[in-house]
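Got two chains here, separate frames each, mind docking them using the hints?
Chains U and E are the protein sequences, given in the same order.
Position 188 of the first sequence, counting from 1, maps to 200 under this note's numbering, and the rest follow consecutively.
Position 217 of the second sequence, counting from 1, maps to 335 under this note's numbering, and the rest follow consecutively.
Treat the hints as calculated values from the structure; they're not laboratory data.
Check each hint, because a few of them may be wrong.
[As the list claims (entries may be wrong)] As a list, the in silico EDC-like pairs of lysine to aspartate or glutamate whose alpha-carbon atoms are at most 20 Å apart:
(1) E/166 x U/135
(2) U/144 x U/203
(3) U/144 x E/131
(4) U/234 x E/192
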Amino acid sequence: MKQHGLDFIIRHCQEEARQKHIKESGYCFELFRRAVDEDEELAWSAIQAQYRGLVIQWLQKAARGTLSLDDRDEMIQEGFLKFWLALKKRPSPLSDHFDHVGALLSYLNQCMVTTCLDFYRREHRRQKLKEKMSQEFHHRSQAQAQIGPQKLLEQKLETYGRAEQVERIRAWMRQEIHDPAEKLLLQLIYEEGLKPSQITERYPNVFPTYRDLHRVRVRVLKRAQRALRN
Amino acid sequence: MDQINCIAPDAIEEADLWAYLEGMAPDHVAAHIHACEFCQQVVQGLIKTDLLLHEAGIRLACPDTAVLWQYANEPATVAQPLAAHIHSCVHCQAELGQIRRAIYVPHAEAAASVTPSLYQKGKELIRAVLVPASDAPALAFRGQAAGPQIYQAAGYQIMIAKIPDTAVADSWQVEGQIMLTEPLPDDFQALVILQEEEVTAAEAAINPVGYFALDGLKPGMYTLQINLPTASILIPDFQLG
Numbered sequence: 013m014k015q016h017g018l019d020f021i022i023r024h025c026q027e028e029a030r031q032k033h034i035k036e037s038g039y040c041f042e043l044f045r046r047a048v049d050e051d052e053e054l055a056w057s058a059i060q061a062q063y064r065g066l067v068i069q070w071l072q073k074a075a076r077g078t079l080s081l082d083d084r085d086e087m088i089q090e091g092f093l094k095f096w097l098a099l100k101k102r103p104s105p106l107s108d109h110f111d112h113v114g115a116l117l118s119y120l121n122q123c124m125v126t127t128c129l130d131f132y133r134r135e136h137r138r139q140k141l142k143e144k145m146s147q148e149f150h151h152r153s154q155a156q157a158q159i160g161p162q163k164l165l166e167q168k169l170e171t172y173g174r175a176e177q178v179e180r181i182r183a184w185m186r187q188e189i190h191d192p193a194e195k196l197l198l199q200l201i202y203e204e205g206l207k208p209s210q211i212t213e214r215y216p217n218v219f220p221t222y223r224d225l226h227r228v229r230v231r232v233l234k235r236a237q238r239a240l241r242n
Numbered sequence: 119m120d121q122i123n124c125i126a127p128d129a130i131e132e133a134d135l136w137a138y139l140e141g142m143a144p145d146h147v148a149a150h151i152h153a154c155e156f157c158q159q160v161v162q163g164l165i166k167t168d169l170l171l172h173e174a175g176i177r178l179a180c181p182d183t184a185v186l187w188q189y190a191n192e193p194a195t196v197a198q199p200l201a202a203h204i205h206s207c208v209h210c211q212a213e214l215g216q217i218r219r220a221i222y223v224p225h226a227e228a229a230a231s232v233t234p235s236l237y238q239k240g241k242e243l244i245r246a247v248l249v250p251a252s253d254a255p256a257l258a259f260r261g262q263a264a265g266p267q268i269y270q271a272a273g274y275q276i277m278i279a280k281i282p283d284t285a286v287a288d289s290w291q292v293e294g295q296i297m298l299t300e301p302l303p304d305d306f307q308a309l310v311i312l313q314e315e316e317v318t319a320a321e322a323a324i325n326p327v328g329y330f331a332l333d334g335l336k337p338g339m340y341t342l343q344i345n346l347p348t349a350s351i352l353i354p355d356f357q358l359g
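Same shape as in the complex, but just chain E (with noise of 0.2 Å):
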């Protein structure tokens, strides 16, 4: 194929190619572009990446769903500026929320689950991601505890400690601490259940400033599941024993 250069290369500058296409050239550009079969190429390039940069520039800002997977399992690993546009855009809440709520529930236990009953009640479910042994802070809790786990949810650090009743052969005590910004409100009744297939084993009284307990639990795999005025907040598959 015949390379094609431009008739007259000092003729026209090249803002005057944008300003041809907004009708704003003078008669000369126009004129030049007409002839110029280079400069039509040119200006066709132009309009078809610049349609691209439009289809590209489209939320430019929100970060990837990539990122948004890894902030609802990981959000400390996010880097903050990512972090920040997460909170205050709304289009990536909605895109985070949507994410949070694929939580698995096997199908058998689909029917009766608890899962439902609360979209039902239209609060906003989420599932706690545990927090890596090595990130959490060595902490004391009471008893021969082993080192509190650590969960996070909906903006909440939960530590919780799943402590062998000394007294009571085959009996656990779980303790609970949510770091409150501030004090729950009065009016909200916060309280923590443990469910066993779907049955009530126990449940508490969450105290204004966060502190939960449950005595007597016998051995076996639980849901947690932790009522807030702002989120209910699911811990499944809590061992105990």
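With the rest of the complex left out, here is chain U (with noise of 0.2 Å):
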């Protein structure tokens, strides 16, 4: 198998997938393999084209609805990244890790599956986020409308779908913060929802008046701040 030249490897690997699983001869995990275990780019584009017609049924059976092309789209290109990367991430050959082509393909379903997953809650996030946006707008005081709706709207669009920053504040959110009443203040006001009169109510141990929820949720978006800007 190691002997064949790539363009027989591909052609063999094409013909290999229109037949039943019991006749495979290994073209196609040999593509694999050459793909991720030698670096070869060409066998790596050579999967890309040969399966994505396959991701497009998987990504099509995932999704909860019509997807756009350019998500589609998107959605092949991060779930092949993604698939790459867990691939290489195994420090030992291809074939400890897969006895066939059929394990592989089973594993990008999958891999294709999370993309979708993730787009899904990307999708949450904004449409909740949208909610959120448009109930403190409703109820907006007097103050806030000093600073200007038109700021603050440009503030809104600026945070809209900046996915990346959400990660990284996710990732801070669950690692860097240790005191125990700003985890509390997290849980309560991000991740429940509550409002202040009722974490006032909840949790007088804590945050015995407003003042003091206020003065913890300032420094918890302070540091924030700082997290985003190192």
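Dropping the structure here:
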């Protein structure tokens, strides 16, 4: 198998993909092996081209509705990259982890499903944020309106859809907050969505007054700002 | 750009900034912020960061999908706190189920594969994961079996030994033991089915304590399907000989 040229392997893999699995001769697995174990870029390109149609079917099946072409193409690119990184993370050869190409393709299918799930998690967060923002705007006090609705809108548009910043902040929220009051505040306000009045009522020992709550909240927000700058 | 500073740094405290946004600040705080460009910028920054935290905080306790993917394939490699959350979270369970159902079925076999029929019955179909040999404990099985293979799926561990029949040439036996925490219910017919190209080659009942055996099998590539009360477990590419 190793003695064959890449074109030969690609051609025979295409034929093999049309057969039943018991007739597999190992050409497709060899294509993956060359791409992953030997870092052959052309082999990786051939894999992406060969299985693109299958990946599209998987994404359409995993999707909760019709995907736009842009979203679909973005998912395909993200999914293949994630798949590549997952395979390259393993220190030993591909054959140590996968017996045959079917196992590899199941793994790729799973990868595409997680990519789709990531997309829907982001969409869910954005939707929740939009609901929160519309509530905040509806109840915005005179004081906030003094800052200027245009400026507030600009802030909202900048904030909207900053996926990378969100991921960084999520990591920060999970790993860097150790003060008990700050952890509790993060959980109550940002995970559970409680109002200040509910928090001071339920946790008078930690937040006896609104001022105590405000103090901790501003402290957390300024720490988050510093974390984003670093 | 000229750097601006607060016009009166001692006029207000940090807590006042959020009180102002909540409409709860005293008049002198509001007056200061209205007059101070620096404090207005600070307030705008706090609003922006607050919205970011709101977005980031949704399902904060849920692990990333990469962890769910890892758990679907190698559950023992996921840290216990995360595994415990995955078990208890309905959102994570739903996503994990979707990942587990992502089995590759070659298109030449998809039309008549066992998978659609199981889906039609509404039972969850789960592909078993083979535990690496280094992680499998040494176990005794009858005959001249090589070390048994251990699969994991749907919370079950399944030990399977492939044993060449010493009496009959080119004939194999398969023995299996499903680790059960309690006996199988009497009113459920637990079965193990061995299929070759969608044709049943052999089938056997699984006894109440999880043991099964298949005899007189030809060498070849099969699909092993284990029907249990809560799930059907699939082991594709089950090679004999």
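Hint numbers not upheld by this structure, sorted from lowest to highest: Result: hints 3, 4 break, sorted rising.
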